[in-house]
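**Student:** Protein chains in written order, with my numbering: chain A, 188 to 599; chain B, 2 to 184; chain C, 39 to 289.
Source of the hints: derived by calculation from the structure; they are not laboratory data.
Heads up, the beta-carbon is just placed ideally off N, CA and C, and yes, glycines get one too.
Be aware that one or more of the hints could be misleading.
With the C-beta cut set under 10 Å, the calculated list includes, among others, these residues of chain A facing chain B [as the list claims (entries may be wrong)]: (1) 234; (2) 267; (3) 289; (4) 295; (5) 298; (6) 321; (7) 526.
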Amino acid sequence: MELRQHTSYRSKESVIKLSAQDFLGNFTKKQVSWMYACSKCGECVDECPVYQQTSDNYTAPGFKIKKMRPIITKSLISFTSMPSEREIKNLAKGLYECTLCGRCVSVCPYQYDLVDLWEKARESAVKIGLEPAPIREMMDTTFTDKNFLKRPHEHRTRWARRLDVPEKEGAETLYFVGCVLSYTPSLRPAATGVTAILNAAKEDWALLGDEWCCGVPLKFGGDTERLRDFVTHNVDLIEASGARRVVFSCPGCYRMFKQEYPKILGRPLKFSTVHIAELASEYIKTGKLSLKEKLDERIAYHDPCELSRLLGVIDEPRSALAETSTALLELPENKINTHCCGGGGLYKGVDTENSLEIATRRIRQAETIGSETLVSACPSCIMNLYQSARRAKSSITVLDFADAIARQIKEV
Amino acid sequence: MTLSKIKEVKEFEYPPKVTLTGVLKGLWQTSKLDLLFHSLMAILLITGLAIDLLGGFLGGALAPIRQILHGYLGAVFTIIYPFYLIKILVTRKTRMLMTGINYLDFLLYTVLIVTGVAVASANQIWVDTLPWLTDALSGLRQYAPAIHTVTTYVWLLVSTLLPGGFLHGIATAYLISIKGERD
Amino acid sequence: MEYAVLVDVTKCIGCRGCQVSCKRWNDLPGEKTSLQTDWTNPPTLSYDTYTHIQFKLDYNQSSDTTTWHFLNWRCMHCHNPACLDACPVDAIVKTSEGAVVIQTEKCIGCKYCISACPFGIPQWNAQLEKVSKCHMCFDRIHDGKEPACVQACPTDALEFGERTTIIQKAIQRKTKINGYIYGDVDNKPLGGTGFIYVADVPLQSLGLPDVSEQTSLDIPIMANSKLLLVPAVAGGLFYLAAWRKRRMEEE
Chain A
188 MELRQHTSYR SKESVIKLSA QDFLGNFTKK QVSWMYACSK CGECVDECPV YQQTSDNYTA
248 PGFKIKKMRP IITKSLISFT SMPSEREIKN LAKGLYECTL CGRCVSVCPY QYDLVDLWEK
308 ARESAVKIGL EPAPIREMMD TTFTDKNFLK RPHEHRTRWA RRLDVPEKEG AETLYFVGCV
368 LSYTPSLRPA ATGVTAILNA AKEDWALLGD EWCCGVPLKF GGDTERLRDF VTHNVDLIEA
428 SGARRVVFSC PGCYRMFKQE YPKILGRPLK FSTVHIAELA SEYIKTGKLS LKEKLDERIA
488 YHDPCELSRL LGVIDEPRSA LAETSTALLE LPENKINTHC CGGGGLYKGV DTENSLEIAT
548 RRIRQAETIG SETLVSACPS CIMNLYQSAR RAKSSITVLD FADAIARQIK EV
Chain B
2 MTLSKIKEVK EFEYPPKVTL TGVLKGLWQT SKLDLLFHSL MAILLITGLA IDLLGGFLGG
62 ALAPIRQILH GYLGAVFTII YPFYLIKILV TRKTRMLMTG INYLDFLLYT VLIVTGVAVA
122 SANQIWVDTL PWLTDALSGL RQYAPAIHTV TTYVWLLVST LLPGGFLHGI ATAYLISIKG
182 ERD
Chain C
39 MEYAVLVDVT KCIGCRGCQV SCKRWNDLPG EKTSLQTDWT NPPTLSYDTY THIQFKLDYN
99 QSSDTTTWHF LNWRCMHCHN PACLDACPVD AIVKTSEGAV VIQTEKCIGC KYCISACPFG
159 IPQWNAQLEK VSKCHMCFDR IHDGKEPACV QACPTDALEF GERTTIIQKA IQRKTKINGY
219 IYGDVDNKPL GGTGFIYVAD VPLQSLGLPD VSEQTSLDIP IMANSKLLLV PAVAGGLFYL
279 AAWRKRRMEE E
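Input sequences plus hints: build the corresponding full structure.
**Tutor:** This is the structure:
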């Protein structure tokens, strides 16, 4: 499809010619059935973090399904009517006003995989050129620079300079850093924290070498045509190195490797994948990592959507953090009911303002339960929570998980 | 920010599996009224169709089915329906998702209820206790059976084609059969 | 052979022998009634009362004369019974002798016949949840006897016989008294009835309603509405075919 108009929605010149067969034409039987199986109970509407913030119908999951349904019906039988072009544009816009947090999936009485639905719909939006301009930019730069932050690929490992990062071949464990931690100086403690943990546990580890973006921006953005290149590059590199395990800081990268890479490759990975929270928890339990005396500090843990709800890693971060402080508090809307920080699904690029407002809710909740520190195990969460805490002039300290653990490592 | 009662999901696994027990559990946790409504509607539809289509074959055996499953459950349905409908219309999240076919469905259900009650208005017990209702319905009584039966088939037709509640049921059954997995 | 009954209103003396003999033959219980300002007793038909005499008193003020008419009221045993068409379980049959009979064991109590009958004849029993009415003593007439009510009538106001003969007699009687016929000849409710009424006043003035020859359209519409399942199923299959076709193109 050559209908690529990379103009912002606010531009008046973008004219997209739509036909029923094009938009949502990639829906399989599963997605088509969802259109009709939706019972319009509205559970997803009230629980959506973006809708809670904007009260704009087009950001409500059930409403998006309602708008998509006639498009699918029209493509099945021709005598029904399509929504107007304006409605389709609003729908496409609404599809990106979503953090892909999966809350809608968890509250749906039928447990329909709506995240899969949104991703498929975004793919189709890209095919007819209806993705927002910032998303288009992110995806384009991912292709060229192998990261979605428009930074030079050669600078990817700069964060590791002057650090005790082993440079060797054939390490057993590889650390996949991810774009956000590689290129965001303020988040560097997260990566250095992982380094410290791996070193203290005397792990045989190294960096990837020529790490490319895991591909999440392409998957979430919807331009999945060249996603396979990224998958094969990373997997070939890892498997060629002989590494048996890859550890992740970012739950987005982690889930991409764990759930999506095998699907795209058509085969299982020849290495195991683990998040630093799981690894650190294991180190502490087995004694490979010794911690100092617990801090007299009230910390709360924010479950990242990708890690807790979509991957089920809930207890490990808690068991690890419980060893660092005397008071580990639970936020409301936690564990599988975790309330999104607003930073996922590339939403931050679409509506930065609202993305931070969603994070503010979490900050306020942390304040309400009386915690001094808010810890999370996801670079996007940390970034959003940190920026939001600053804007809201909150006294809460936002810390990354690896950083929090690393600070408590007992030097032996 | 819209205020909402936070829904506490007890268990969750991603990617999710769509199973029959999961769906029933989910419906029970989401809205018991909805579950009751759908169960009653399914029973009323099936028994009504059984009487109209299989009446010639099953004859008197259908008497308890008509009396209890269709008649008494129909009365229960009549009582809960206004609550169900009002709940949908006053709650923003459900009102937002309603389409034209839903409102048509509600209208047809209302017709079915009113005509059903009109047909039942020969029953002495409630005729004696609610004579004003019997009087009000008496004008309708002659055509009530025909409207009741025709409306059922019209609903089935409309609900399949438009697409409406019936296609929804079929799509849900399909998803349960593939456990929401196969792509 | 098809039979009919001639009901000559001018001969009826209101003795209620027909009511009593009907109860006796069909083993029907009596009904407890209360004092009314009307002689009609029981005041209405019921599950246990298949027929009664309606006492119609007409007082002419100017001439200070009183005229009585005694109308025997019961199922008309129509040629095209609306109740038969309306019954979803085919519990109502018209025998070859012309009797319209409700087979109680098949009745499911849906009350469609009550709504369909333009004369309001089928009666509901709330305890049994069943319907009943006069069945023209189908068991007696099958054995060559007259219905119980006809046999009991002392004045031969009720006369039983082969249908065409009865109609001829009705015409003769009508001509003789310069009266009116209801049930065939002048009005043919639902294609003609099994009980032919003759009176000296229009039968409509005695309460017999104007009913058209054809069954009211709602009954056949109701009976055939199940045919809408055909386009519904067809529509569903069409959706299925279109879906399959689309998915094939994709994959």
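**Student:** Against each hint, give a clear statement of whether it holds in the structure.
**Tutor:** So, going through the hints one by one against the coordinates:
1. With a least beta-carbon distance of about 6 Å to chain B, the hint placing residue 234(A) at the interface is held under the 10 Å criterion.
2. Look at residue 267(A): its Cβ gets to within about 8 Å of chain B, closer than 10 Å, so that hint holds up.
3. For residue 289(A), the suggested interface contact is upheld, since its CB lies about 6 Å from the closest CB of chain B, less than 10 Å.
4. At a threshold of 10 Å, the smallest CB-CB gap from residue 295(A) to chain B is about 7 Å, leaving the interface hint in force.
5. For residue 298(A), the interface hint holds, the least distance from its beta-carbon to any beta-carbon of chain B being 4 Å, beneath 10 Å.
6. For residue 321(A), the interface hint is violated, the least distance from its beta-carbon to any beta-carbon of chain B being 24 Å, above 10 Å.
7. Taken as an interface hint, residue 526(A) checks out: its beta carbon lies about 8 Å from the nearest beta carbon of chain B, inside 10 Å.
Taken one by one, the earlier hints fail for this structure only at number 6.
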